[in-house]
Amino acid sequence: KPDFYAAYNNWGATLSDLAKTKSGSEAEELYDKAFEKFQQAIKYGGGSYNLACLYALRNRKEEALKYLDHALSRGKVSVKLVEEDNDWDAFREDPDFKHLLSQYKGK
Numbered sequence: 001k002p003d004f005y006a007a008y009n010n011w012g013a014t015l016s017d018l019a020k021t022k023s024g025s026e027a028e029e030l031y032d033k034a035f036e037k038f039q040q041a042i043k044y045g046g047g048s049y050n051l052a053c054l055y056a057l058r059n060r061k062e063e064a065l066k067y068l069d070h071a072l073s074r075g076k077v078s079v080k081l082v083e084e085d086n087d088w089d090a091f092r093e094d095p096d097f098k099h100l101l102s103q104y105k106g107k
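Start counting the sequence shown at 1; every next residue gets the next number (this note's numbering).
If you are wondering where the hints come from, they were derived from the structure by calculation, not from laboratory data. Just to be clear, a hint being listed does not mean it is correct.
Subject to a maximum C-alpha distance of 25 Å in a straight line, what follows is the list of computed DMTMM-like cross-link-like pairs (lysine to aspartate or glutamate) [unchecked claim]:
hint, residue 1, residue 2
1, LYS76, GLU62
2, LYS43, GLU28
3, LYS61, ASP85
4, LYS105, GLU93
5, LYS20, GLU93
6, LYS33, ASP3
7, LYS105, ASP94
8, LYS43, GLU62
9, LYS43, GLU63
10, LYS43, GLU29
11, LYS61, ASP87
12, LYS61, ASP32
13, LYS76, GLU26
14, LYS66, ASP32
15, LYS22, ASP87
16, LYS20, ASP87
17, LYS105, GLU84
18, LYS20, ASP94
19, LYS105, ASP87
20, LYS33, GLU63
21, LYS80, ASP17
22, LYS105, GLU83
Full structure from sequences and hints, please.
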């Protein structure tokens, strides 16, 4: 069904937001469930930005930047949104993150 991706995306976002309020194994379990939902959203045609954010929150740089590049290249998110999104705070001074954003500024 065409709108499955939105349901999975919203479900994943809710789990990710809840995980931010938890710690330890409880947070990890919620992040793992969110990851599954975002993967399902992509399977049904959804974007990759929320998955990129989840990887960023888990400090998995390579995957985070891969999915961020994917979202930016398809115009699904703007550089401004990424710059204002707290999920990317750990990468603000990272040269690879800065370089990726610079490639899409003004597009």
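Hint by hint, here is what the structure shows:
1. The hinted pair formed by LYS76 and GLU62 meets the criterion: a straight-line CA distance of about 20 Å does not exceed 25 Å.
2. Taking the CA atoms of LYS43 and GLU28, the gap is about 23 Å. The hint holds against a cut of 25 Å.
3. Our distance criterion of 25 Å between C-alpha atoms is met by LYS61 and ASP85, whose separation comes to about 16 Å.
4. Distance hint between LYS105 and GLU93 is fulfilled; the C-alpha atoms sit about 17 Å from each other, no more than 25 Å.
5. Between LYS20 and GLU93 the CA atoms are separated by roughly 22 Å; this keeps the pair inside 25 Å, and the hint holds.
6. For the hint pairing LYS33 with ASP3, the CA-to-CA distance comes to about 20 Å; that is within 25 Å, so the pair holds.
7. Of the supplied pair hints, the one linking LYS105 and ASP94 holds, its CA atoms being roughly 17 Å apart against a limit of 25 Å.
8. With a CA separation close to 21 Å, the supplied pair LYS43 and GLU62 stays within the 25 Å bound.
9. Between LYS43 and GLU63 the CA atoms are separated by roughly 17 Å; this keeps the pair inside 25 Å, and the hint holds.
10. As the CA atoms of LYS43 and GLU29 are separated by approximately 21 Å, the hinted pair is consistent with the 25 Å bound.
11. For the hint pairing LYS61 with ASP87, the CA-to-CA distance comes to about 12 Å; that is within 25 Å, so the pair holds.
12. Restraint check: the Cα-Cα separation between LYS61 and ASP32 comes to about 17 Å, which is no more than 25 Å; the hinted pair holds.
13. Note on LYS76 and GLU26: the hinted pairing is violated, with a Cα-Cα distance of about 31 Å set against a maximum of 25 Å.
14. A C-alpha spacing of about 19 Å is found between LYS66 and ASP32, which places the hinted pair at or below 25 Å, so the restraint holds.
15. A hinted pair counts as satisfied when its Cα atoms are at most 25 Å apart, and LYS22 with ASP87 qualifies at roughly 15 Å.
16. Using a Cα cut-off of 25 Å, the hinted pair LYS20 and ASP87 holds, with the two alpha carbons roughly 10 Å apart.
17. Under the criterion of a C-alpha separation no larger than 25 Å, the hint pairing LYS105 with GLU84 is consistent with the structure, at around 14 Å.
18. A C-alpha spacing of about 22 Å is found between LYS20 and ASP94, which places the hinted pair at or below 25 Å, so the restraint holds.
19. This hinted pair checks out: LYS105 and ASP87 have alpha carbons roughly 19 Å apart, not beyond 25 Å.
20. With a C-alpha separation of about 17 Å, the suggested pairing of LYS33 with GLU63 holds against the 25 Å cut-off.
21. With a C-alpha separation of about 21 Å, the suggested pairing of LYS80 with ASP17 holds against the 25 Å cut-off.
22. About 11 Å separates the Cα atoms of LYS105 and GLU83, which keeps this hinted pair within 25 Å; it holds.
When the structure is compared with the earlier hints, a violation turns up for hint 13 alone.
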